[in-house]
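Peer 1: Sequence:
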Amino acid sequence: MSLYSIPPHERFLATLAERVMDGTLLGGWDRASNPFWLSDVTIVVPTRRAKQVLADEFARRGTGLLPDIRTFGGETADEEPFLPPFDVAAAPPMATALERRLVLSQLVAAWAATPAGRQAFSSPPTAAEILSMAESLGALIDDLLTEERSAADIRAIVPELAGELGAYWQQTLTFLDIALSYWPERLAAKGLEDGMKLRGLRLDRQAAAAPLLWGDRPVIAAGSTGSIPATARLLKAIHQLPRGAVVLPGLDCSMSEADHAALLDAANNPHGHPQYGLARLLRLLGATVGAVTELGQSDNLRTILVNRALALTKDTARWPEQRLTQLEIGMACDGLSIIAARNEDEEGRAVALAARQALAGGKSVGIVTPDRNLARRIAAELKRFAIEVDDAAGAPLFQSPAGRLLRQILTLAAGNCAPVDMMALLRHRAARFGMARPDIARLADDIELGLLRGQRPNPGLAGLRALLAANVGEVTTHVAKRLNARQAEAIEALFGRIETALAPLLALLGERRITASALAAAICRAFEAVADGAEIPGRAELADWASQMAAQAGEGHSFPPTGLDSVLAALMAGFQVRTREERRSDIAIWGQIEARLMNPDLLILCALNEDKWPEAADPGPWLSRGMRLAAGLEPPERRQGLAAHDFAQGLGNESVIIAFSGRIGTSPALPSRLVQRLEAFAGEDNVAAWQKRGAVWLEQARRLDAVTETRAATRPAPNPPVDTRPRQLSVTEIETLMRSPYDIYAKHVLRLRPLDALGETPEARERGTIIHDILARFVEEGHDVMAANAAALLRQFAVEAFSGLEGIAERRDIWIRRFETAARQFLDFERARNAEVLRRHAEIEGLWPLPTGFTLKGRADRVDEMLDGSLQILDFKTGSLPTPGAMKAFEAPQMLLEAQMARAGAMAGVPAADTSRLTYIKIGLGPEAFSPKDFSLGEGHTIMSAAQDIAERMQRHVDFFLFNQMPMPARILPLKTQRFAGAYDHLARVDEWTAVDEDEEDGF
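Residue numbers (the working numbering): 12 to 1015.
Everything labelled a hint here was simulated from the structure, so no lab data went into it. A virtual CB, placed ideally from N, CA and C, is assigned to each residue, including glycine. Do not rely on the hints blindly, as some may be mistaken.
To be verified - Pairwise CB distance ranges (calculated):
{"id": "1", "residue 1": "G73", "residue 2": "T719", "range": "40 to 46 Å"}
{"id": "2", "residue 1": "P895", "residue 2": "D795", "range": "33 to 39 Å"}
{"id": "3", "residue 1": "A514", "residue 2": "P104", "range": "32 to 38 Å"}
{"id": "4", "residue 1": "D79", "residue 2": "T422", "range": "47 to 53 Å"}
Claimed, not checked - As a list, the in silico DSS-like pairs of lysine-lysine whose alpha-carbon atoms are at most 25 Å apart:
{"id": "5", "residue 1": "K899", "residue 2": "K933"}
{"id": "6", "residue 1": "K758", "residue 2": "K888"}
{"id": "7", "residue 1": "K247", "residue 2": "K62"}
{"id": "8", "residue 1": "K868", "residue 2": "K758"}
{"id": "9", "residue 1": "K944", "residue 2": "K899"}
{"id": "10", "residue 1": "K933", "residue 2": "K888"}
{"id": "11", "residue 1": "K758", "residue 2": "K492"}
{"id": "12", "residue 1": "K888", "residue 2": "K868"}
{"id": "13", "residue 1": "K758", "residue 2": "K703"}
{"id": "14", "residue 1": "K394", "residue 2": "K62"}
{"id": "15", "residue 1": "K374", "residue 2": "K703"}
{"id": "16", "residue 1": "K888", "residue 2": "K899"}
{"id": "17", "residue 1": "K888", "residue 2": "K944"}
{"id": "18", "residue 1": "K933", "residue 2": "K944"}
{"id": "19", "residue 1": "K374", "residue 2": "K394"}
{"id": "20", "residue 1": "K899", "residue 2": "K868"}
Can you make the complete structure from the sequences, with help from the hints?
Peer 2: So, in structure tokens, the structure goes:
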């Protein structure tokens, strides 16, 4: 017997080592007279990880020597020249996947520009989409090579399916014929070959050389399902050797001949079955299930349960007679748990907690997931407990630290040195520019505070340099930090380094169309300049990617320099960064391939959601499922069969946790069909028991960050010394004093000023402020509202006022055009009342010293002297107007206080007089724009009586909070209509002690 199988419930590699040591797999090889017999044994396994673990198994058994352990198709570079036939020509170099992607992208782009191609796409494809299509076309080429098909097989389906194919598929097949014919011709012309083709040739050469290479010595091929035809032929060659043995992973030896035949009948759609690949391999080997010897217990209840649950669809009708008893299911699933998490975050945390407990008990843990994002999430959760573990599959170069810095550089260049992008780069720890990191950090602080906070630079470094000169020359007045000449010199030197680093990239982005190799060269040059002197993970892999891109200079399609982050992601696809640091050996995160043949003490199968494990059966954009079958290719369900086999193998572990999420992202998610099959076969009661075991980890995961009791913090009420409190406030700050004395404390006692948001773009509020300033200038300069050139003059002022918004030039031009409407409304309003106005005053400063030692200051938007000797005060509002209720309740004191100041003669240049009218003017383009709204007075009040009343109220608040040792609490009278956080709300930690009623919009 030379065909064996190790069932899922046995530790595969440990059993394999044991059966080698006891001679079961050696075909009678003499062990008694040869003390070095183990070195005569050759074992071939699928992966390097399996090779390492198998070597450990032999070492654990105290063998002084190890067998010759190899991997399929790997590690043959040294001996390949000595394999027969000896006169065979050397294999050609391999064409890289990157080269193929770029070459095929040129074909896809050319096709997309043809009339037929334009019909195939709903919209013109972007550069990233073209690269993605090229990658999927490369995957089709790999499928053809792996399954030993060619363009001729695809060409042959055209007449067969001509009547069934729509116009799209016919156009696609025409393009495929061109692409699949061109690519091999190009390879031949350059003396290259595809990697899949070279792998097949190498495996076939090993198969042909097997009799000469190993003769009658023991050779064992273990753990392969033979899913690749060339691998299957190597297995057959080993099987036919005198002492060759093939050890299959998890063959269901209870299958009958009829079951075996059913798995090979396409009418049963068997491709997604876990035994499908093994059934095909047995057929190739010319063997039946009965010819396979099972190395292990054959009646394990767990394996029986899983095999029956994952039966062919037609065989589920036999479930009622095949069900195990309740006792048998309980015995079978002892050690099986299910974590049914609400979302991926909870799944990752629960898995980490289960792994942590197992490690604390001295057990080894293997975490298997096809979802790399979930793998990173689990690794991050494990760091909570000082458990460092990396995803064995590595991190994509695009998402590695080096890749992220590269993308940040690209973002900065594409955004023309926008403030947020500039600070993001300068705050990056690997951004050195050949300088010491502390020096960069200090200069970053100076740039942020001196140039960017409260300022809006024009695009590019030229805009930053202009702001630097304005700061040092004290042209800009409201800056967060005033810079001196020495600081300016250091900043200018850094700008020079940044300019040098970005120059090639900025020049490239200025071109109409670029190529992928030019983009890679420019951005990598910038990376080297930015990261000069920094150690950053992924740098070596990035250098390898850059060298491969440089080797493809001029290849690929050209594209406009937009959407480059997605282009970079497509170009870096397939490049991984693996950690080189020493990690603990008792826990690992694996992908499905890495986990094959592994048997840790606890195995956790994660991301068992539909379309993740197994993945969706997507045939790709180039061939439909029916077309693949007609061309002799396996359908996409074949990958689902491999995933099902991995699942069945994993469940053979003694201790297993199955984990899945109820939601993925923001969308509901279903458990994997494999889990659903298992649950349906076992029954609800057993599933509830499995989930109850897993609920322990879910409960801990929820409790880990849960807050069992919320206790509101106390409202802050600082009580600073009286002599530190302000003795002067503006009219707008009086309302603040009434509503939130804490804000006055923060601003005037602590002297804290909020910093403007970094890179804040002008919005409607700022547009209103600019319009406000334009109208004020018109009045301040004394222009006649009745003049014929008044509208033209206002437009001129608008062009000058909006000129600083170069960063949003298109929006600025729209605002200028819209200002013409505002100017017309303003002139209409002013001309309608011109006969009543004696003199107009804009932006009037007021200062009113009171006998108590307190001074009230303010600036009125407009104070007009009327012909009847009274005053009219106008307030141009860019935001919302106070409600009539707030006005009547004296909660909007500004205009009333201005009236009282005017009566006292405290307004510069305005004679003392009573105010006859208080008017709000809304600035904007809506229906209420420039429609005057008079101040609402309470019953029995005139403007001046209300002004007197608010002045007395003000004095009482000032005396109470500023001249007495009283606390200054926050938000004692919140503004119900306020839709944004106050400047000091975060300092007062408002959210920690307020509860907001959605109806009342109030909070305490």
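Peer 1: It remains to establish, for every hint, whether it holds in the given structure.
Peer 2: Right, here's what the structure says about each hint:
no.	hint	result
1	G73 with T719: 40 to 46 Å	violated, 54 Å
2	P895 with D795: 33 to 39 Å	holds, 35 Å
3	A514 with P104: 32 to 38 Å	holds, 35 Å
4	D79 with T422: 47 to 53 Å	holds, 51 Å
5	K899 with K933	holds, 20 Å
6	K758 with K888	holds, 24 Å
7	K247 with K62	holds, 21 Å
8	K868 with K758	holds, 16 Å
9	K944 with K899	holds, 14 Å
10	K933 with K888	holds, 5 Å
11	K758 with K492	holds, 17 Å
12	K888 with K868	holds, 19 Å
13	K758 with K703	violated, 56 Å
14	K394 with K62	violated, 29 Å
15	K374 with K703	holds, 22 Å
16	K888 with K899	holds, 19 Å
17	K888 with K944	holds, 11 Å
18	K933 with K944	holds, 8 Å
19	K374 with K394	holds, 18 Å
20	K899 with K868	holds, 23 Å
Hint compliance for this structure: hints 1, 13 and 14 are broken, all remaining hints hold.
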